[in-house]
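The lines below spell out each chain.
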Amino acid sequence: MHGVRWMTASNDSGTSRDSASAHGRETKWNQVAQRHYEYDQAHGLTTEVVYAIADAKGVSPRDIRSPPLYDIVDIPAIEDAFFTPSVGTRPRHGSGTIEFEYTEYLVTIGSDGWIRIFETVGKSDSGPY
Amino acid sequence: MADNPARSLTDDAIVERYQANPPPQEVLDLDHVYEALGHPRRRYLCYTLCVETEWTLDDLAVKIAAWEWDIPEQDVSEAIRDSVYVSLHHAHVPKLVDEGVITFDQSTETIRAAGNAVQVLSALEGVGGSIDSRQETHARSEMDDGEQ
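Listed in order, the protein sequences are those of chains A and B. For the first sequence, our numbering puts the final residue at 129, and the numbers step up evenly by one. For the second sequence, our numbering puts the final residue at 277, and the numbers step up evenly by one.
Watch out, some of these pointers could steer you wrong.
Some but not every residue of chain A turned toward chain B, in silico, with C-beta under 10 angstroms [stated by the list, open to error]:
#1 Y39
#2 G44
#3 L45
#4 T47
#5 Y51
#6 A54
#7 R62
Straight-line distance between alpha carbons at most 20 angstroms, and here's what the computed SDA-like set of lysine to any residue pairs gives [unchecked claim]:
#8 K57(A) / S206(B)
#9 K57(A) / T103(A)
#10 K28(A) / T97(A)
#11 K57(A) / Y102(A)
#12 K28(A) / T120(A)
#13 K57(A) / D211(B)
If you are wondering where the hints come from, they were derived from the structure by calculation, not from laboratory data. Nothing here was measured: the structure is a model prediction, and the numbers come from that model. We treat Cβ as the ideally placed atom computed from N, Cα and C, and that holds for glycine.
Chain A with its partners taken away, still in its complex shape (with noise of 0.2 angstroms):
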């Protein structure tokens, strides 16, 4: 797979990145695969990003069982944010990227419609290359 990404905690904004900085320590993750997202209200962005999660992993979406997502994030609210297509007749451009952990992966969701699932270095040799 190429478009391989580093990312560390240190050098990134994003609110929900805490829990990796608190550990006082760089934390580099590799991308290990990605979805693209469109709004579809039949599909749904939670499916969409379980089945990337499930992709990760290489296991059918069905075996990615605990913790829910709702457990872990407010999916709607990502949803509302960022792909909800209009108000009347003025498309909503919110934009930005939201992330959060799902057990041992970074899960990030643009509001591009990608998401992108992320492992720690150091786990990725077990990973799909």
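Go by the hints and put chain B onto chain A.
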């Protein structure tokens, strides 16, 4: 109490009575009804509780997918079922557990109607006409399986 206050809202006496009395506490207790019914897939999920009070997640996913795609249950593909299953497991079921509408048994992956289901279902009955006719349409289409 007026039986149908909406119809008489132009009546000065009624308006005065509403102005004199604060809204009843029950108005503020409707939060979980709106939260439960605030997504189309959750409305279908709550509606399934009118059919049965207990569902496995897989049966629920097939039922809801058939309603959403307007197809017979046996035509629901594994891919569609799994996609609905994932959204139920990770979003809508925990939400409804939070709202006290259902309970979820993880070991058997079964949901059951809980205390607040009654209030939510009576809210659904408030729009009953259209939902009932839609369900009958689906029930008929399930009997005519194979026909498109």
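Structure-based check of all given hints:
no.	hint	result
1	Y39	violated, 14 angstroms
2	G44	holds, 5 angstroms
3	L45	holds, 9 angstroms
4	T47	holds, 5 angstroms
5	Y51	holds, 7 angstroms
6	A54	holds, 9 angstroms
7	R62	holds, 6 angstroms
8	K57(A) / S206(B)	violated, 24 angstroms
9	K57(A) / T103(A)	holds, 11 angstroms
10	K28(A) / T97(A)	holds, 18 angstroms
11	K57(A) / Y102(A)	holds, 12 angstroms
12	K28(A) / T120(A)	holds, 6 angstroms
13	K57(A) / D211(B)	holds, 17 angstroms
Checked against the numbered hints given earlier, the structure breaks hints 1 and 8 and satisfies all the rest.
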